[in-house]
Structures are given as structure tokens and as C-alpha cells.
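Residue numbers (my numbering), protein chains in the order written: chain G, 1 to 468; chain W, 1001 to 1468; chain Y, 2001 to 2468; chain F, 3001 to 3468.
A hint or two may mislead.
Only pairs whose alpha carbons sit at most 27 Å apart, straight line, appear in this in silico DSS-like list of lysine-lysine [claimed, not checked]:
hint : chain 1 : residue 1 : chain 2 : residue 2
1    : Y       : K2116     : F       : K3173
2    : F       : K3007     : W       : K1301
3    : F       : K3210     : F       : K3157
4    : F       : K3261     : F       : K3343
5    : G       : K173      : W       : K1157
6    : G       : K7        : Y       : K2007
Pair ranges (Cβ atoms, derived) [said to hold, decoys possible]:
hint : chain 1 : residue 1 : chain 2 : residue 2 : range
7    : W       : D1003     : G       : D359      : 43 to 53 Å
8    : G       : E443      : F       : K3040     : 25 to 35 Å
9    : F       : Q3355     : G       : E443      : 28 to 38 Å
10   : F       : L3407     : Y       : I2188     : 50 to 60 Å
11   : W       : K1007     : Y       : I2419     : 33 to 43 Å
12   : G       : L354      : F       : E3067     : 31 to 41 Å
13   : G       : E29       : F       : K3358     : 24 to 34 Å
14   : G       : E29       : F       : E3067     : 43 to 53 Å
15   : F       : D3003     : Y       : P2014     : 53 to 63 Å
Coverage of chain G stretches by chain W, computed from C-beta distances (three or more under 8 Å per stretch; other residues unrestricted) [what the hints assert, rightly or not]:
hint : segment
16   : 155-169
17   : 289-297
18   : 304-315
19   : 324-331
20   : 448-458
Treat the hints as calculated values from the structure; they're not laboratory data. C-beta: ideal position from N, C-alpha, C; glycine also.
Here is how the chains run, residue by residue.
Protein chains: 4
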Amino acid sequence: MNDDAFKYAERLVPRSYIDLARQARRSYEQQIRQIIEHRKLPEQPLDENIIEQWLNEIAQMDSNNFEGNIGVGEREGRIYSSLVARRHYLFSHGIGRSGDINAIQPKAAGSSLLNKLTNELVLDAIHILGLRTITHALVIPMATGMTMTLCLLTLKKQRPNSRYVLWSRIDQKSCFKSILAANLEPIIIEQIENNNYLQTNINEFEKQIKKLNQNEICCIISTTSCFAPRTIDNIQYISNLCQIYSIPHLINNAYGLQSTKIIHEIEQTKRSNGRIDYIVQSTDKNFLVPVGGSIVLTYDKELFDKLSHIYPGRASINPTIDIFITLLSMGKKGLIDLIQKRKNLFNIFYEKLLQWTKDNDECILSSKQFSPISIAISLKHISNEHLTELGSMLFTRRISGARVVKLGTKQTIDSYEFINYGAHSSNIQYSYLTVAAAIGIEENDIEIFMKKFDSIYQKLRRNENSDD
Amino acid sequence: MNDDAFKYAERLVPRSYIDLARQARRSYEQQIRQIIEHRKLPEQPLDENIIEQWLNEIAQMDSNNFEGNIGVGEREGRIYSSLVARRHYLFSHGIGRSGDINAIQPKAAGSSLLNKLTNELVLDAIHILGLRTITHALVIPMATGMTMTLCLLTLKKQRPNSRYVLWSRIDQKSCFKSILAANLEPIIIEQIENNNYLQTNINEFEKQIKKLNQNEICCIISTTSCFAPRTIDNIQYISNLCQIYSIPHLINNAYGLQSTKIIHEIEQTKRSNGRIDYIVQSTDKNFLVPVGGSIVLTYDKELFDKLSHIYPGRASINPTIDIFITLLSMGKKGLIDLIQKRKNLFNIFYEKLLQWTKDNDECILSSKQFSPISIAISLKHISNEHLTELGSMLFTRRISGARVVKLGTKQTIDSYEFINYGAHSSNIQYSYLTVAAAIGIEENDIEIFMKKFDSIYQKLRRNENSDD
Amino acid sequence: MNDDAFKYAERLVPRSYIDLARQARRSYEQQIRQIIEHRKLPEQPLDENIIEQWLNEIAQMDSNNFEGNIGVGEREGRIYSSLVARRHYLFSHGIGRSGDINAIQPKAAGSSLLNKLTNELVLDAIHILGLRTITHALVIPMATGMTMTLCLLTLKKQRPNSRYVLWSRIDQKSCFKSILAANLEPIIIEQIENNNYLQTNINEFEKQIKKLNQNEICCIISTTSCFAPRTIDNIQYISNLCQIYSIPHLINNAYGLQSTKIIHEIEQTKRSNGRIDYIVQSTDKNFLVPVGGSIVLTYDKELFDKLSHIYPGRASINPTIDIFITLLSMGKKGLIDLIQKRKNLFNIFYEKLLQWTKDNDECILSSKQFSPISIAISLKHISNEHLTELGSMLFTRRISGARVVKLGTKQTIDSYEFINYGAHSSNIQYSYLTVAAAIGIEENDIEIFMKKFDSIYQKLRRNENSDD
Amino acid sequence: MNDDAFKYAERLVPRSYIDLARQARRSYEQQIRQIIEHRKLPEQPLDENIIEQWLNEIAQMDSNNFEGNIGVGEREGRIYSSLVARRHYLFSHGIGRSGDINAIQPKAAGSSLLNKLTNELVLDAIHILGLRTITHALVIPMATGMTMTLCLLTLKKQRPNSRYVLWSRIDQKSCFKSILAANLEPIIIEQIENNNYLQTNINEFEKQIKKLNQNEICCIISTTSCFAPRTIDNIQYISNLCQIYSIPHLINNAYGLQSTKIIHEIEQTKRSNGRIDYIVQSTDKNFLVPVGGSIVLTYDKELFDKLSHIYPGRASINPTIDIFITLLSMGKKGLIDLIQKRKNLFNIFYEKLLQWTKDNDECILSSKQFSPISIAISLKHISNEHLTELGSMLFTRRISGARVVKLGTKQTIDSYEFINYGAHSSNIQYSYLTVAAAIGIEENDIEIFMKKFDSIYQKLRRNENSDD
């Protein structure tokens, strides 16, 4: 309804009431205008219906939704099913053009606008979270693993003679496989143990760089967010090496945006002039949307453009829509609250587990400081055969995400062999259980977990004894 | 409502009425059961509400939707916004696992089931469309360009010493860039002109194979669906070469599933023992869903598995959901009707344009037989400066998809230079306009296009004369 | 997005593309503006997403949807469930005020606007359907029966000494019961048979008026839409009587808007100066929305106001929303097409049944001219016990709406006894089956009905013979 | 998906994962089964998606949603617009039959089931709220005013010679007009003042009964929920009179279910053998759904049946759907919490206003005990002309629901004149402001109200002084 329509509405409803409505509408239009103008999250959450209406408006800027549009091309944004059309808010053209994932589509001004704006809002969210020096953010409609591969292909293109990736071992298959998918060769740097937890083997990194021709190294991959007992990689040191030896540095920050500690480490690294090329993180793990997108951050326009340009063809706008809705639903306030709440619950979870280990002659196998999201506890008193049972008992009691890691598990990925797979290191002392206080967790989850886990543990431990 | 619930319902509503409802419900349950059992499209379209309800049921098989589920991992399928949750039918876990895009997720039986089942339904749809010998279909949640890159990376992994891709020129940037993104080197084989249209330069292909070490050739890329005057590549000949010289063959069949002619060519090629490794097609261009997915077809389990395995990590389930909904909404009947309708409308469009060229001393620049989707017409009487105007006049009159190709356009992609970019060949005689009768087009679109285009053309042509 | 927002969008997407979007948006805003300005249906259907977006905009004019609204009353339009909120597009205040169902609510400018506008659009639809002289239309959120009662209460209020309603028998319980609910006394005027069908007993009407004190007659109720063999009441004659004797005339036109014949009869009646006070029709039966609303038409502002004023308190806006959506989804063109299609299908159905009666020695028991929606056929050769079976066999074979009427059925409503209930007359000769070609019926329905019915009929008729 | 479908799913996804899903599904099916079996609210809220899925299942029990249903009647539940169909979950047949609003529809087993079940769930909710002796609850798809009329028509039918309604004055137009709509004559019993608030004039009631022939009295209407300074009617006394003189008693309990005090009064009245025939309450005001429905409660099957039977024809199922969704969304726990929260906020609001009156030399004009929802405060220091301004200033500052009542307002409804309309009494001493802490109010609303109101008040009061 434009101003004229409002005027004619006054013939049906008295002007004073229409005026109040007009004023209410204006205040919502102001909010929208401000978001487009300043490209910053609103302070407070936006109502769902406002977000939805705005999305509909933006979608109507795409040619497939123009009244009377005639399509004689091969890709006209037609949608067969109205269910599908609805769930995509009539967005059909995706993002990007053949040349660039961040390019404008002439046919799809709305999709292009949504894409550009969302990248800017994500950048603002990143700043709010504490990475204040980041200058570019790009939502990529592929999950972190494949996006890591894309970053590696981009780096490789700049270093055509390189073959190797120095990789600080992290037992997430997708991170390791992202190297293989790019047809690069991983050099695995094992974690070393320190005081019950694992940390980056910094000496080995330097040794490997010196051993290999540094031009043959495509990049170093460090990982910040990981499961205890592994800790945040020593990215300050690694990025220093990268700086000194002119080797690109790719940070696998999969779910690190939710941790103020990890954010702080990255920010410090940058401020102390360490080299960071790309930082990759998941949209689902950090912003509570369905799996399917990731965010690449850089400090450099050229790196940003190179990544955009390498992407061949169009891509889904879906993760962009999800992030757009979610960030506006949170507002700055909601985002900060969520982060704070997670931190508090991590502390609560840690204290509960610490007490539990004391009560049961087990021990915490992680650094509270350097594993700010997950916590590992030893399972000394449970034998290997019962460990499998423990895992499956948790699963059938609807506990998801708790991982039992058994000493001695072997795994081969392509031709690469790993000892103690899952534990990030060949040298660990105990089998253990690892759990996380990730964003979105509720205190109730922690309480029920403690109860259910303890009951299973006690039962199995009693069995151990009776087995004797 | 289970059987018990129905029984208790009889206390509120007489049994005979409940019985009729029970029977109706059973007939819909049978349909669902049959689809899961036989993994074939239903003959007739399924109602939207049945599809939606089924999707909801499947989503409830994922652990994040279990009542009382406790998540203590880092990725628990939590969704912040209820808008986002709704539009994804509560699916949150994506598809695949770290190791394989087609692997089962223990946490997400529903997503896994949907993924497996949809791949099977797509395979059935492919059979219905005429590719009866295909044995494996995989929906990939990336558009065709990036999926081509993934196929290239997979092939390259098997042929670690290869560097080159023999590429039959097609002026779609995303196809060309998919080679560059994989860090491979394209060898461009220009189209040759024949009788006003362009065709595969088969001699040059053989020449290049002989010139290069065949082990250094990663694969040949042929393209079937393209804009006139370029025609379907001579894939029978190319696949023969691939067979003889043991070179992988990747077919860029972006929007070729909609053409019975193209389908026929591929099927014939396979039946005559030509080599085809992967066939890549878009979900949006063939099945009328939003941009974001593609389908890879193979005739070989090993190739299928290799492709699944190379994908690092999880991926979006979105294109899978869209295809699932769309195929069930169509049913076998709807799919066949759609294809038949397109074919008829192509013939109508061709006849109209043929008549128009006769009336205006222009000519058709395409083979009706070998360009079964698009049609090119010469624009001899419009000068270059007016050609630009023509394009923009069409655009502002809401004609989308019609392309004006001007003689002499140059384009550089990375370090590669193209003459007459857009025309697929350095040697064309006329500037021209190309349009398509793609799936989903309506007769009305063709009529309005003819009227609007003719009016613009006549106006510009008069201007030409008056400019003299 | 207001003009400023569009301007800022130009910083993200080039102006020329934004301009095209702006233009597309403007054309949709014009449509909306025109509908509010002229209060007429659009010529062509409006897209669902446009309708939905408009509804959302209107709802935001209600105070419960204002940002920062503070409610300290007892009725603040709060909605507990977001599912409920969504399905009502956030409309919560209903329509009307304590004093008048058509009054403006200061708190709810949007609801009030929607109500006023929809009543105007309904009036336009009524004019399009052929009732060109109607001046007032009111959507009432109660189905026809209860709305008839409301009309009767309104008339009774004007005629406080009246007690009787002269009622041309129609065997729809809700029509008869609407009299009883108003605590008035029905005088039943039986139909008379003429040439195999039933028609208004006009002599009896006049006789009764003369017999009773005319001031004691609250009104006459005639019925236009009914099941054959009953025909449209002779409303020209009845309204003449009403004019002469100053008795209000209430027309039960439940599903008559779909018939051009019935429309014509009413229009003729009015043009020949017959008296018609209120015409009541169903929203669901005429406009294909769910049960729950009705439309009252009058030719007189005072009668319209009296009806509005009698309604005590607020009422649901739901039927208004449904009608608003439906009329805009149809557009003028869609509405006319629907009516025309029904007429054609009625003729087809009639011809098929006529042929069938000839083939089976049965006969048509209705006037093609005066029963323009339904058709009755004799069931001479089926005995009474088998008639019941016939009905239930149709039902279990998912034929709904076909009615088997058995000679001799008795029914008592309150203290009133009816012979041959269902047949509208004490004097009919045969048991029969009656079916309708109502709005929304498809040719396919007719074909399948003929097949299924014939098969059941033949089976039962064979049984008759074998029973002998 | 039935059991067979699950079995075939095991061919696609390992059995152990399917088993977990099966188990999760079973636990949700149990919940549904229990609700149907016991017809009681679940203890805990049900998830929205479970509710929605269940609604879809129930809707599929209606014949219009049967696959292959053939409709040859005049009312086949067809829906033109898919938007409309969706928002009604495909329910189209409404509730009731011609004869009875609570009757089963053979065509619509699902709608019938939903109707019956919802009435039972409402009854359970009523018991939870404290009216434990109520035996029948009926959701009527009309708002309270019209439903009061329906009750009056039902009572009048049983007492054909009655003409009067004894009515304890309450200045809600819809209550008064419900009497006029039923063509009955109100006898107005003014409130009397007592200690700054108003209460039932019990002597006048008895006087009027004695004065009139008691058979001419159709019923007495008392009101429980009202705006201060009026208090809950003395229903114990009134129902006693009704018992003694055999006069029906209709309680207007519009928004009384939210108050434990009002509930207690009704329960006590019943337990002390007072006569209560029907209790009418709004669905929107008590259960936070959109306007459009009401609930009638009785203690007597015959009264319940009479009310059901009088309703002529079908009716909307909408309020039933809304209540069904809302009650399941609340669960028993949510409902109790809501009531408790309201009570607490009322106390907070009262204390704040009390303090405010002390600070400003105004006074509370209501009984905390007998006006348990709303509070009135004097506005001694604001002159009449400024009072109007106060109201409109509140309105434009988005305070809704606060009512300014000016001494001396006159109002005529039909031929009845009221002095001090809005104040429920001819004799009040001050103009005043009345506000409510109704269900759904938030503490934040109270705080912002206090701030905004005080600021307006002070400004106007300063103006008063400067006017001098």
C-alpha cells in the first residue's frame, strides 16, 4: 500500500485511525531503511512477520516475480511446486553469476541485494562478536569442509607450484578430506600432550617448513574450535611462521565464533601482525541454522575477490536467507545474550564434571582455558568392551553429541593412517568421554545429561567389578 | 494417530464414519509405502498436503526433533528462528558425513532416508526421461559449475599426473571456469561452422589427443545443452575417442534432460559403447526448482562411490527437499506431460521465428535437429550500436533470457582470450538473437515475445534507415 | 521498503536493476491502490503472494501489531500460539464493535478496512454475477441458517406484534430451524406437483395471508436454490404479494449465486417492483471457501443498517479474510469463468442423466429450466430396502452429495411433522436420486459418478429380479 | 508412514537408526492416543509441529480430502484458493448439521472428531481452572454477545410467555444489546455505590421479581468480569433468588476464566445450590485467540442439548481449531502458569497505582478483592476538557485499553437511556481512569504504562493550573 492507497483507505476508515496505522508503518519502514543504510544489525530483534514481509518485498525485485515477465531463456526462475516456491519466499535465481559468486545478477536485483546485504550484516555480527579488524565476510552456500577445499583451490591457484598443506592434526574428517579433495598433500603435525591436554607441536611446524621448499607449501591449516582434550591451536605462533616464511594461513574456525576466547586469540594474532589469509566457519554451528553454509572471513580485499572469482557459476541463496532471517531475529542484543549464556553454561558444565570426576576417581582431560567449548573426562574404570556399550547406551537414551574415545582406535583415510583416531593424537593415556557446551545448549540439557550419564556409568562400572 | 487412537476416536464419532476415514488414510499410506518400497515416482501427482505431511514425518526421524533429546555435541541441529525451522520442515542436519556425501548420519535417520530415497526417485525420473541404462544418480547441493569442478577433482585424483582438459568450446563461463577452479588447464577446441550453425570440431579433438601425452589429459568435457547456433556436441564421436584413448569423458548436460533429442544422443552413445564417466545437470533448469543443486549420473558404481567419497563433510539437504517435493508433485504423468509440452512449444516457436525471418529478410541460424531447445536468428539489418539498444529494450520491457550476440565481442577469462564471446566460435557471420523454448515456457510467452520483439526490431530498423 | 530504502539499496545493487524492480513494484502498488480506490475486483487474478503480502500490510494497521504497543485493556488482541497468529495473518480483533457489526474499531484500523473493503468487493462480485441493482452487501461470520435467524430477529424487531412466518416448504433443516430459533411460528406452504416436478403453491400463499392478520406475519421466506424435483420458488409472485400486503420478504438464496437463472429471476423480480427485504446466501457454497460465513444483500440502506445494528458485539473476521483472498485470487475473469463452466457442466450432466433414464426405463423428475443446479431421476425399479443400500454403497465408494429420497419418510422437527421428508412435498410419486452440478464440479466427477452409480444400480436391479 | 513403510525404509537406512526413529515416533503417537483416550490436556506443552501434523491427519478424515472423492452435492467442501485451504488445514465442512451444532457430519468425520474432542479439552481446561463441577462445555463460533443472544433465545423457547430480562447494569454494549437482539425487554438494575466502588443492588432485584409476574421473566443476567469500579455481581445472592423463584440464570463471564477469584465465586455459588443455567465466556479474552468464539458452560445435559439443538445449521470450525491448537500449545502446565502470572501482575499493578494515587492526591476507586482484573483511579485534578485529551494522548502514544470515564456521559441504546455511560452507574463521584491486568500482560507493559501515563497526567495537571 503506497501513500495513495492509504489516502483512499481514508474513505473507508476515519483518517485519525489510518494516521496511527501510517505512523506505525513508518516506524517499521524506518527500521528497514536504517538496516539497508547502515548495514548493521538492529539493536533489538525484529518481529518474524516484519522479516517475512521484507523478504517477500525483496523477492519481488527479481524478474521471475515481475508481473507480466516473459522468459525466453533457459533459466527463468520458474518453480513447479508452490510448496517449493513458498519455502524459498519465491527466490529462485540463486546468487552469483558465472564469473563470481558475489556478482550482481541483472535478472535478480532482489537476490543480489539480499546477498550483498547479508554479507554486510554478517560482517557486522562478526564485529559484534569481537573480530573487529575483519574487513570482508562472505556467506558461501557450502558447508565448512567444501569451503575449505574452495579456499585451498584459491590459494593453490596463486601458488601453482605448491603441493603440500601443513596440517595441525584435528580428528574431524571433513577438515582432513578438504585437503585431499583439493588434490593437495597433507603433512600431518601431531598434537603433543601437556598436562593432560593436547597442544600444537610448534617445533615440528618450523622443522617441516625448513625441511620442505617453502614454495611447495600451499598453506598451513590451523584449527581453533575442536573437541577436548585437543586445544585451540597456537595460532599466534603459527601465523608468525606464516608471516616469516610467506606461507598462506587458513584457519579452520568451524564453530569458533561462539567462543569469546577463540575470538580473542584470533584478534590478538591479527593485532600482533600474524598472517591470516582465510578464516572459515560454519553457519549452522555458530548461528543455529540448518547445515549447508559457511562464512569466509578475510582482512584483504584481494583475497576476498580471488575467492569470489574462483567460484564457477551460480549458487544457492538458501544459507543466505537463513542467516538473514536469523540475524534479524536475534538483533545485536539477542546475539550477545546467546554468546554470554553459552559461556555461563560452559562454566556450569565444567564445574559439574569436575565435581563428578572427583567423586568417581576420574579426571578432567582438558584445559578450561584452551578448550573453551568442550570438556573431556577420563573413563579409567570402564574397560574397552564396555566403552562401546556406554556410547550406544547414551545414544538410545537420546543423548546426542557425547563422544566416547577409545585408546587404540585406528583409521585410514585414503592412504593416511591415524592412531587413536578421534583423539587427535597418537599419544593419549586414557580412553575418555568428551562433551560440549555449544551455543543453544540449555541448563536443563546439562542436568539431564549428568543424571543419565552417571546412571549408565555406575551401572557399567558395577558390571566391571562383577565381571572380575 | 495410530490404530489405538482411531479406536478411541470411535467413542467420539460413530465407527462407520471413522472406518471410511481409516480406509482413506490407508490408501494414502499405501502410496507412501509403495514409493519407499519400489523407489519409483507415483504414476499420478501426489497432493501437496500429503507430501508436506510425509516430509514432516521423515523430519521427525532426526534426533533434533525427538522429544526429550539432549544434545551435548557441537552440532545438534538446533535452529534459532522458527521461520527458518518451518521453511526447512525442521530438517537441520544436512546430508552426508565427514567421509561421504551419501553416507548415513546416525543422528539423522530421517535426513539420511530422504537423501537416499530422493536419489532413487531421481534415478527413476532419469529412466522415465529415457536414459534407461543409467545406474546411479546423485543430487549434489551445488549448482552445475561447482559440481563440474568436483567431478574434475575426482577424475584428477585418479589421474594424478594429468593436467589438461580438452574442452569443446561453449560460451558458458561457469563451464569454462569449472576447469580453472580445479586448477586444470583447458585446451580449447573451437566449434566449426556448418551450414549456418556450429558443430564439434572432431578432427581437432583427435589431433590434440595425439599431440599431448594422453595420460596428461585429465578428461574431455563435451556439452549437450547449449544456445544456438552452437549444437549438441558430437558426443558419439567424442566418447568413442575417450574409449579408444582411455580418457575420462565428462558431459556438461546442464539443461539437457528436458530434451528428448539430447537424451536420445546420450543413450545412443552409451549403447554404442562410447565412454561416459559423469553426466552433470542442473536441478533448477530441468526440474523447475530454485538454483542450488545438480545431479550427477554415472553408469558405474565405482565412479559413483569415488564422487561421493571425495566430498569433504556435510552438505545442505535443501536441493534434495526441493527435488523430492517436485517429483512427487509431478508424478510420472506430470513429468512426461511437461517434456512433451516443451517439445511442442519449441516447434511452435521455431515455426513462428522461421516465418518471421522470411518476412524480414533475416535467417534462422540454427539446426532444428541439433539445437533442440534454442533458436538463433540473424540480425543483419541492425547495426552494432542499435544491437545494444535492442538488448536493453527487451530487458526493460520484461523480456528476459533473449540474448543479443554481437560480432566481435572479446572476453578474457583468466589468461584465456575468446573472440566473439557468447557465440561459441571465432568465426560467425552475423550478429544474432537467440531464444529458448525451455521447460515451463507457455504458449502465451511465445506470442507476447514475438509481438514485443517485432515491434522493437521494426522500430530500430526504421531508425537504421533514417540514420542513413 | 520505502523510497529511501530503495535509494540506499542502490549502493549495493546498480541503479538500473533497482529501477526495474522499482517499476515492477509500482505496478503492483497501482493494482492495490486501484482496488482500494474503485472497490472493484481486479480484472485478472492477483498472485497469491501479492494477496498475502497485502493482508500482512493491512494487519499491521491493527494496534496489536504496532511496535511498542502497550495494552492495559481486557482485550488486546494477544495471541498465545504463533501457529494461530500465522493462520490469521495476525488479525486478532475481529470485526464490529459492541454497537454494530459493521462499525469501525479504533484499535483495529486494519481489520476495519479489510471488513469495509471486502463488503464492497463482494458487492462488486454480486454486480458482476448479474444482481446489478443490489446496493448493499454484508459478509456475516455465521453460516446461512443462523444468519436467516438474525434477519428474522431484525424483521421481528420492526414488527413487534408479528408471530408467523409464511414458509414455502424446502426440506433443508437449517432454513426451517432458523424460524424456530427466532421464536417465530412457521406456516408451512407445501409445494405442489406439476409435470414431474414441484412448484410454489401460490394460491395457498395468498389464502394464508388473507386468513391471518397481515400484521401478525413477520415475513415470507422463499427459497431459490434447492434440490430437484423442487424448483426455484415463484419469487416474482411472492414478492408481489409482499408488496401488496406490506409483508417483508426474505429470500433464502443459499447457493443461488452460482446460477445465472436464479440471478435472473431475482433481478427480474426487483425490476418488476416486487418486494425483497433481505437475500441470504452462503459464502462457502457460492465462493468455495470453508463453511462459516454468509452474505446478506439488500436494496435499502435502512434495512442494511438495521441488520448491522442488531448484531450484539464483535464477530470473527475469518470469513471476511477468506472471501477477500478468494475474490482477489479469482479476479473478475476467474469468477465469470467459474460460473460459465458450472453452467456447461450442468448441461452435460443433464444430458448424460437423460440418456441414462431412457436406457433404464426411469425418468427425469426435474425441470431443466427451474432446477438449474440439481437434477432428480426416478428409481422406480429399486425397492425400498435396496434404496438404503444404494445410498450407503455410493457413500463407501466415495460418492458424496448424491441423495436417495425414499417415498414415505417421516420427520418431526420440534412439533412439526413432515411427510416425505427430503422430498419437499407430501405428494411425490417415486423414490428418486438427486445430484447437483454445483460450482467447482469437474467433468471428471460427472463421468466417474455415472460409471459408479450405473454399476451399483444395475447390481441392485439384478438383485431385485433375483429376489423375486 | 505405516509399519510397512518403516520396514522398507530399513533397506535405505540401517535398522538401528530406524529403530530409534520408530521409538521417537511411538512416544509422540502415545501422547496423541492418550489425549484422545482421556480427553485431557497433556501435562506439558505439545510442539507446534506435532500439533500441526495431527491437525492435518484429522483433516484427512474429511471426505473432501479423500483421494478420489467424487462430489455431486451442493456443498462438497471445495476450496478455491490454496492460501485459504492452507490456513484452514484443509478443514472445510465446518461443524454441526442442520439439526444441531454439536452433531456429527457423516461427510466430515475429522471435523466432527475435532469438534467433539475440543469441547472435551475445553471442559478439562475449565476443570483445571477450578470450575470442577461443570459437566458440559461447548465452543460456539460466535463471540460472547451473539452467544448470549443464542442462550436467551434458548431460554425464551422454554418460557414462551416470558418477556423480561432482569439485568444488573454493566456498561458493555454487547451484553445489553444481546437482550435487545433476542427481542426481549431489559429491566435495568443499577449498581449501588459502596465505599468507592459499585456493587449489585440485591434489594432491587428482589423487588423487581416480586413486582413482575415471575413467568414473564425470561431470565436474570449477572456479570462477573467487568471494569472497575464495578465489581463482580453478587452471584451467590442472585442465583439464590433464581433458585427460589425458578428463574433461569445466565452469567456473563466474558473474561472471567482468567481470574481465580471469579472462578471461586462461581464454584461457591454452585456448591451452595444456587441456580446457574448458562455461563458464557469469550475464547479470545480468556485463551488468547483471535476474536470470534465463545464457550458456553452448563451443569446440565438437557440445557446443553437444548442449546446445541436450537442452532440452525452449520457453523465455522475456526474457533475450535484455534482453541485446540492453543490448549495443546499450553498444556496443563502452561495454562496454570499463565493464570498465576496474571494474578501476580495484577498485584504489582495495583501496588504501583496505589502508590501513584498517594503521590498525586488521587484515590483508588475499586475493590482489590471484588475487582480482581481491573483497577480504577480517580482523576480529580483533571478537568473535563482535558480528560478527552488524556484519552487521545494515551491512544496516540500506543497505550491501548486504558479507559477514561467522564462524569455525566449520556448514551441511548435503542430507547434506553443511560447516565454516566461507561461507569455502570448513574451515581459516581469522580471521573476516573480504568486499566486491566488481563491475561497475557507483561511486567514491562505495566512499567511503560506507568511512565507514559504519569508523564501525560503531570503535563495536563500543570496545564490545569496554568489555565487558572
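Verification of the hints:
For the hint pairing K2116/Y with K3173/F, the CA-to-CA distance comes to about 22 Å; that is within 27 Å, so the pair holds. Taking the CA atoms of K3007/F and K1301/W, the gap is near 25 Å; set against the 27 Å cutoff, the hint holds. Between K3210/F and K3157/F, the direct Cα distance comes to roughly 23 Å. Compliance with the 27 Å bound is thereby established for this hinted pair. Distance hint between K3261/F and K3343/F is fulfilled; the C-alpha atoms sit about 10 Å from each other, no more than 27 Å.
With a CA separation close to 18 Å, the supplied pair K173/G and K1157/W stays within the 27 Å bound. Distance check on the hinted pair: K7/G and K2007/Y sit about 24 Å apart at the alpha-carbon level, within 27 Å; holds. Distance hint check for D1003/W and D359/G: the Cβ-Cβ separation is about 47 Å, which falls inside the suggested range of 43 to 53 Å. For the pair E443/G and K3040/F, the beta carbons lie near 30 Å from each other, so the given range of 25 to 35 Å is met.
Our hint of 28 to 38 Å for Q3355/F and E443/G holds, since their Cβ atoms are close to 36 Å apart. Between L3407/F and I2188/Y the beta carbons are some 56 Å apart, a value that agrees with the proposed interval 50 to 60 Å. For K1007/W paired with I2419/Y, a C-beta distance near 41 Å keeps the hint of 33 to 43 Å intact. For L354/G and E3067/F, the Cβ-Cβ distance of about 60 Å falls outside the hinted range of 31 to 41 Å, so the restraint is violated.
Between E29/G and K3358/F the CB atoms are about 43 Å apart, so this pair departs from the stated range of 24 to 34 Å. For the pair E29/G and E3067/F, the supplied restraint of 43 to 53 Å holds, since their beta-carbon distance comes to about 46 Å. Checked against the hint of 53 to 63 Å, the C-beta distance between D3003/F and P2014/Y comes to roughly 58 Å, which is consistent with it. Counting residues of the segment 155-169 of chain G whose C-beta sits closer than 8 Å to any C-beta of chain W gives 3, which meets the bar of three, so the coverage hint holds.
For the segment 289-297 of chain G, the assignment as covered by chain W holds, since 5 residues bring a beta-carbon within under 8 Å of that chain's beta-carbons and 3 suffice. Check result for the segment 304-315 of chain G against chain W: holds, 6 residues qualifying (beta carbon to beta carbon below 8 Å, three or more required). Only residues whose beta carbon comes within less than 8 Å of a beta carbon in chain W count, and the segment 324-331 of chain G has 4; three or more means the coverage holds. Given as covered by chain W, the segment 448-458 of chain G passes the check, having 3 residues with a CB less than 8 Å from a CB of that chain where 3 are the minimum.
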